[in-house]
Each structure stands twice: as C-alpha cells, then as structure tokens.
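The C-terminal position of the sequence shown is numbered 483 in this note's numbering, with every residue numbered one higher than the one before it.
Simulated from the structure, these hints should not be mistaken for laboratory data.
Be careful, since some hints might not be right.
Unchecked claim - Restraint-style ranges between C-beta atoms, simulated for each label pair: (1) E55 x Y308: 20 to 28 Å; (2) P264 x G46: 38 to 46 Å; (3) V57 x Q367: 52 to 60 Å; (4) P445 x A312: 46 to 54 Å; (5) S339 x T284: 49 to 57 Å; (6) S339 x V57: 39 to 47 Å; (7) N417 x A336: 25 to 33 Å; (8) E262 x A353: 29 to 37 Å; (9) L292 x V449: 54 to 62 Å.
Ideal Cβ positions, reconstructed from N, Cα and C, are used throughout, including at glycine.
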Amino acid sequence: MGRDSLVVDTTSGRFRGRIYTHGTSFPRSTTGVERQALALYTSADGGRTFRQRVERVALNRRGVAGAGNGVVLSDGRWLTVFAEVKEFWETADGNSFNREGYFPRPPEPENAWLKAITSDDGGDSLNEPVTVSGWHIPNLYSRYSIYDPAVAVDGSDGGFRDRLYAVWPDARFGGTDILLSSSADRGQTWSAPIVVNDDRRPLPPAPAPNHLLPAVAVNNAGVVAVTWLDRRDAADRLAWQARIRVSLDGGETFLPSVMVSEAPARFDGREHWPPTASTTGGGTLSHGGGMLRLQIFAPIHVYLPGDYAGLAADRDGIFHPYWIDNRTGWHQVWTAAVSVAAKAIKNGTEDLAALDDLTPMTTLERQSSDYDRAAQTATLTVRLKNTSAKPLAGPFKVRLISVESDVANVDVVGASNGLAGAGAVWDVTSYVDGGRLDAGSASHPFTLVFKLRDVRPFVQGRTDGFTQMLGRFFARVLGRAPK
1 MGRDSLVVDT TSGRFRGRIY THGTSFPRST TGVERQALAL YTSADGGRTF
51 RQRVERVALN RRGVAGAGNG VVLSDGRWLT VFAEVKEFWE TADGNSFNRE
101 GYFPRPPEPE NAWLKAITSD DGGDSLNEPV TVSGWHIPNL YSRYSIYDPA
151 VAVDGSDGGF RDRLYAVWPD ARFGGTDILL SSSADRGQTW SAPIVVNDDR
201 RPLPPAPAPN HLLPAVAVNN AGVVAVTWLD RRDAADRLAW QARIRVSLDG
251 GETFLPSVMV SEAPARFDGR EHWPPTASTT GGGTLSHGGG MLRLQIFAPI
301 HVYLPGDYAG LAADRDGIFH PYWIDNRTGW HQVWTAAVSV AAKAIKNGTE
351 DLAALDDLTP MTTLERQSSD YDRAAQTATL TVRLKNTSAK PLAGPFKVRL
401 ISVESDVANV DVVGASNGLA GAGAVWDVTS YVDGGRLDAG SASHPFTLVF
451 KLRDVRPFVQ GRTDGFTQML GRFFARVLGR APK
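With the hints as constraints, model all of the structure from the sequences given.
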C-alpha cells in the first residue's frame with residue numbers, strides 16, 4: 001500500500017479509539033487486471049488486529065492516485081481526500097495509466113478531480129465520494145511538484161468546529177499554486193478554491209511561481225495554518241524554503257506568509273542521481289505507434305525534496321511543520337515551532353464578529369466603471385441595495401474575500417482598515433441615509449479603487465470568453481439583519 005496514512009478517533013463517540021489507516025493499492029479484478037484503489041483498514045483493539053479492507057476503485061477510464069491524510073470529525077465521521085485521474089484503461093499486460101495523460105505538458109488541462117470520501121460506520125463501508133474541485137495536476141517533470149493533497153478538520157470548540165480544509169498543488173493559473181477549499185457541512189459541499197501562496201506573479205518571460213508539498217492543520221484556537229515549500233527567492237527555481245500562512249476567519253482570508261526555514265535547501269551536486277528516461281512510439285509494446293520518441297528527464301532529486309511534508313498542532317496550539325532539507329549536505333527532516341498569538345473569530349476581527357452576513361439579502365448595484373491605463377487604476381462605482389423584503393440596519397461594511405485578475409496583480413486602494421488585499425474592509429455606513437436600508441432601497445453611490453501592478457501583455461483571442469479580466473472580486477456585506 002502506497003501513500004499510507006494513520007489517524008485515531010479521539011472523540012467521545014461510539015468509535016472512540018478506532019484506528020484508521022489508508023492508502024493506495026493495486027488489487028486485481030476478476031479479469032486479472034490491476035485497478036489502483038483507495039484502501040482503508042481499521043482496528044478496534046488498539047492495533048492488535050485489523051479488519052478486512054474496504055476499497056474505492058475508480059471506473060470509467062479514471063484512476064485513483066495521490067491519497068491525502070485522514071481526519072475524524074467530532075461525530076466520528078472519517079474522511080480523506082484523493083485524486084481521481086483521467087485516462088484510465090485496462091490492457092492485457094495490466095498497464096493501468098497513460099503516462100502522457102497522467103503528466104501532460106504545460107499548460108496542464110483539468111486532468112483530474114480532487115475527491116473527498118467518508119465513512120460513518122467506523123470504516124465498515126465507504127460513502128460515495130464527492131468532488132471538491134477540478135484539478136490541473138502539475139507535470140512532475142516540468143513543474144517540479146509532487147501532487148499529493150492534504151486535509152485538516154477544526155477540532156476546537158469555537159465557531160468553526162468540524163470545518164474541513166483541503167489543500168493541493170494546482171497548475172491552473174500558469175505556475176504551481178497551493179489551493180485551498182473548505183467545507184462547513186461535514187464534507188458534503190466545498191467552497192470555490194482560493195490561492196494560498198502570496199507571491200506576486202512576474203511578467204513573462206520570467207518563470208511563474210512554483211510551490212510544492214502543501215500541508216494544513218488547525219490548532220485548538222481554530223486557527224488554520226498552511227505550509228508549503230516555496231521557490232520565490234531562488235532565481236533558478238532549484239532551491240526551496242518552508243513558509244507558513246494562517247487564517248483567523250475559517251479559511252476565508254489569510255495573513256501574509258512567514259518564512260519558517262532560515263536558509264535555502266538545494267541539491268548541491270555532491271550526490272549523483274541517475275536521470276529518468278523512457279521510450280514510446282514505434283514498436284514499443286506500451287504506447288507504440290508513430291515515430292519513436294526517446295525522453296530523458298533531469299534527475300528528479302535535483303529539484304524535488306522528497307515526496308512528503310507535514311504539519312501538526314500540539315495541545316498548546318503551537319504549529320510544528322516538517323520538511324526535507326539538505327542545507328547540511330544530507331537530506332534530513334527538519335522542523336520548527338510556530339506560535340500564533342491570536343484565535344479564530346467570525347469575520348476575522350473583533351469589531352466585525354458581532355455583525356451579520358447580509359450577502360444573501362443585498363447586492364452591489366453597478367453605477368459606472370473606469371480604467372486609467374496610464375495610472376493602471378480601475379474604479380467601480382456602486383450602490384448597496386437591499387434586495388430583501390425586510391429592513392437592514394448599519395453599520396454597513398463590505399469585506400473583500402478574494403481578488404483575481406487575468407492580467408495583473410491587484411491591490412485595493414483606500415480601504416477603511418488599510419489592507420490592500422483579501423480582508424480589506426470598506427465602511428459604507430455614511431452612504432446610507434439614517435444608517436438603515438428599507439426593503440428595495442439603496443445607498444448613495446460610492447467608489448471602490450483598485451491598483452493594477454505587474455500588468456501582463458494583451459493575449460490575442462482571450463477577450464471572447466470574458467477571460468481577459470482586469471479584476472474579479474468576491475466580497476461579503478456585513479451589517480445587522482432583522483431579528
């Protein structure tokens with residue numbers, strides 16, 4: 001069994017003390033063909049014996065790969081995440097994966113899905129998996145990134161108890177980014193993924209950002225932490241340093257990342273690692289036809305620090321990331337203690353925690369927009385409108401959750417709390433007469449200002465599908481809902 005992971009149920013439920021261990025395996029079907037599967041074993045006697053495994057086998061030309069760790073929710077539900085990959089087929093010699101489909105050339109298509117699978121009966125059976133997100137799996141040999149996902153659950157007694165967080169490396173935006181999706185309903189539905197790494201995207205032809213081996217954990221204060229190995233400070237992209245970034249609002253926004261490792265790690269040339277090579281085409285039994293193609297790849301250990309990294313939180317709320325580092329000349333496991341002097345709180349801050357989410361009852365009604373190309377500034381003038389049948393009361397705040405752009409890095413200008421990105425807040429109470437919005441009424445117009453930086457060149461043909469976006473903004477409206 002590969003990519004194996006172990007977790008123990010420490011809840012007070014009926015499966016308390018049960019051990020769950022899972023990974024990927026290659027069981028043979030009745031036709032003698034190997035099908036990679038997710039296999040789960042459980043023990044109810046402290047690990048002395050384990051029950052017969054239960055499996056999830058992908059069908060319809062798909063394969064199971066890249067299983068993450070397992071977690072247990074407060075009600076005893078076990079959950080893990082895994083990759084379900086396209087291009088799965090059966091052949092007489094047992095070959096199961098099309099390696100060209102498995103590691104396509106950049107730009108990588110949506111060639112997989114991140115799935116979440118659960119068990120509610122102590123591991124006796126597995127529920128049908130649900131899709132967390134489409135997944136543009138990074139090409140191992142050109143993106144230098146292992147594709148394993150990770151998952152964590154909030155076990156605190158705070159407002160985000162049992163919220164789930166999944167992280168994975170993804171190539172959809174041109175580099176390899178660390179994405180995060182969360183679930184507030186025990187893994188049944190998942191939020192749209194957000195990018196966790198916070199480095200700016202450079203102008204071409206500079207290489208896009210490259211990040212790998214994400215891990216996620218939640219401490220006893222409900223603080224979410226994500227770690228990864230980051231190459232932003234290495235011009236040749238062959239060195240890495242561990243970074244950590246934390247969220248205080250249930251994974252909606254994150255504070256700026258902090259470097260954990262004080263020195264870069266890189267392959268120094270004193271060790272010899274043979275390169276990987278392959279032959280396809282021609283009369284090759286596997287993947288034959290057409291011209292013979294010989295491929296030789298850079299030795300994988302030149303740019304990959306192993307397959308695993310991790311993150312845990314102790315009983316005092318201190319985070320402990322671990323990663324592979326060879327600054328001493330040897331590949332060794334390193335760790336560090338990271339303390340966060342804060343706790344998770346609704347909407348991220350004390351002053352916003354008492355406000356209600358008015359987003360389902362409001363809209364920001366566009367009045368006008370403008371783009372100053374010389375100043376690289378975009379403005380959007382809107383009115384806050386009450387679309388519900390009941391009155392709403394102030395104070396009224398618009399909180400930015402995330403911002404995306406197809407052409408630039410975007411900063412907020414003039415937010416009330418001084419932030420320039422996710423978490424920026426505009427206090428628009430003064431634009432609402434009497435601090436109250438009656439049913440169907442709207443505020444006076446107000447203008448949101450955004451600065452575009454590192455603007456990339458126009459891309460021919462990308463305007464047809466409204467993909468050449470200056471900015472795409474996701475926000476919540478906060479205030480006081482009717483009781």
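Next item on the list: List in ascending order the numbers of the hints, as given earlier, that are violated by the structure.
Entry: Every hint satisfied by this model.
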